[in-house]
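As a plain string of letters, each chain reads:
2 protein chains.
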Amino acid sequence: MSSLKEISSIKLFNGYQKRYSHYSFTNDWEMKFSIYLPPKALKGDQCPVMLWLTGRTLGEWGFTNKSGIQRFAAKEGIIIAAPEPTPRGIEVKGEDGELPYGSQFGYYVDSTVDPWSKHYQMYSYIVNEFYQLLTSTNFPVKSNLIGLSGHSMGGTAAIPIALRNPDKFVSVTSMSGDYNPIATEGGSKILSTYLGENKDNWENYDSTKVINSYTGPERTIFVDLGGSDPVLDDFSQAPLLKACRGTNISLDYRIRHGYHHAYEFIQTFIEDHLLYHKKIFSTLI
Amino acid sequence: MSSLKEISSIKLFNGYQKRYSHYSFTNDWEMKFSIYLPPKALKGDQCPVMLWLTGRTLGEWGFTNKSGIQRFAAKEGIIIAAPEPTPRGIEVKGEDGELPYGSQFGYYVDSTVDPWSKHYQMYSYIVNEFYQLLTSTNFPVKSNLIGLSGHSMGGTAAIPIALRNPDKFVSVTSMSGDYNPIATEGGSKILSTYLGENKDNWENYDSTKVINSYTGPERTIFVDLGGSDPVLDDFSQAPLLKACRGTNISLDYRIRHGYHHAYEFIQTFIEDHLLYHKKIFSTLI
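Sequence lines, in order, name chains A and E.
Residue numbering for the first sequence follows my numbering, beginning at 1 and increasing consecutively.
Residue numbering for the second sequence follows my numbering, beginning at 1001 and increasing consecutively.
It should be emphasised that the hints constitute simulated quantities derived from the structure, not laboratory data.
Here the structure is a predicted model, which is why all the values come from computation and not from measurement.
Heads up, the beta-carbon is just placed ideally off N, CA and C, and yes, glycines get one too.
Mixed in with the good hints there might be a few duds.
Said to hold, decoys possible - Chain E side only, calculated, beta carbon under 7 Å to chain A, not exhaustive:
| hint | residue |
| --- | --- |
| 1 | Lys1043 |
| 2 | Arg1056 |
| 3 | Val1210 |
| 4 | Tyr1214 |
| 5 | Ser1228 |
| 6 | Val1231 |
| 7 | Asp1234 |
| 8 | Ala1238 |
| 9 | Gly1246 |
| 10 | Asn1248 |
| 11 | Ser1250 |
| 12 | Arg1256 |
| 13 | His1257 |
As the list claims (entries may be wrong) - Quick list of in silico lysine to any residue cross-link-like pairs, SDA-like style, CA-CA up to 25 Å:
| hint | chain 1 | residue 1 | chain 2 | residue 2 |
| --- | --- | --- | --- | --- |
| 14 | E | Lys1278 | A | Thr247 |
| 15 | A | Lys278 | E | Asp1252 |
| 16 | A | Lys279 | E | Leu1275 |
| 17 | A | Lys242 | E | Lys1278 |
| 18 | E | Lys1242 | A | Phe269 |
| 19 | A | Lys279 | A | Thr247 |
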């Protein structure tokens, strides 16, 4: 475990919003993350964690800065951890538009193809290195109560990551994701960019496929979508319903009319996601 | 308005579960209905109503008898009204199995074809005659707070009926319905039985079509499905998601793993439906 370097620490709702960087051996790159420690954590009490996977456009700081989640996290005593969505600042051929989806996308996969594979190992980073960083002695984390959420490509990744690792993530919610990317035009382009043409491997990052092969304990997952979201089409959504039928996974799926894809949607509904985790945590204490 | 004949009146959770019959001029038949009056209504206070459309198998008494809803209705001060799903006891050629779907189905449509059209006018019965019966002086009903719910063919009907009459029904929830019956095999057989081959008319009873042409005020609808329900397939469900996108209708769609189609599902989750109506009623008082 490399040491953490504190970038900033700012008081917020009687807790502290902190920002760190550390060298990630998984991505072979210096990575940043944000973490909000609620008042309960400052007293040294172990707290549950909501781990947030952000979308492409903003770094880890964007969610922290704009979502307004700390108001609720302070009240509920839940730590909010938000890693950087990709190793930022790498100059990769193609990142300026030669590829349809390039640098700063990443999709939280372990890339298997040049030029991405050297630094884009985000699946393993989240599941192993960042998880280890969170649950080691750095922070007062209740390691059996960690939930995963995300938005856009982070929402796409949250369900597969959580369900492939049910021993690590006890709850999962998702905003505005693509739940069947192996079948959508956009998803396929992204997956082929980072994973090449081995479609068996693509399935590891597709919610419907991961649900179909899921063998872990019962889960209830929460999916939230803006009714006027122009990014996502029906094909990225409807297969999720079918996938859940006949499994031991229950689904809470919402459409909220008039909302779009970006931060206004997150700000409006982020409390519901925190409380969804809290409700599941409360059954496990 | 024909007079009501009381069949029974039984004390339950400090309220009264009553059962009536009356001559329906719409259906040209004697019809029964159940109504639960919570303690609040017995004091003479006007109460909101949850109007329940039952599925095919049981009469109006089945929901009343088996759902357990009165415990919650008593507490929340909400009247539960459950009309008979079809005019029962009519001998119609075909009801014993000559047609794929015959007597006692009905689907809450206004039939346009022999031999059904004489007595099977359930859409108009619910929207006009039964609504009028409820909101006249028979019961202490707060007529601006009536919500519609149903299960199976009642769940199929609840959304189109509520959204075609938003001035009468301010909220709607549905359990285990077919939301795109014009496109499913079972739905098409039923609609052709009662409506013939005029598919334009079928669309009046199809949630996706009614949502597409909806011009009323904003609505949030709640749909609930058992994950192991063997009656409903993906084709009856997924189009609902697409239909809601870009409209002023928000959707809460749930799948609860392991549950089947019948009363065990209703009993487990009926409180959630009552509270969904209550939450919407509370914004309108």
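(message) To test your reading of the hints: which numbers does this structure violate?
(response) Going through the list in order, the structure violates hints 1, 2, 3, 4, 6, 14, 17 and respects the others.
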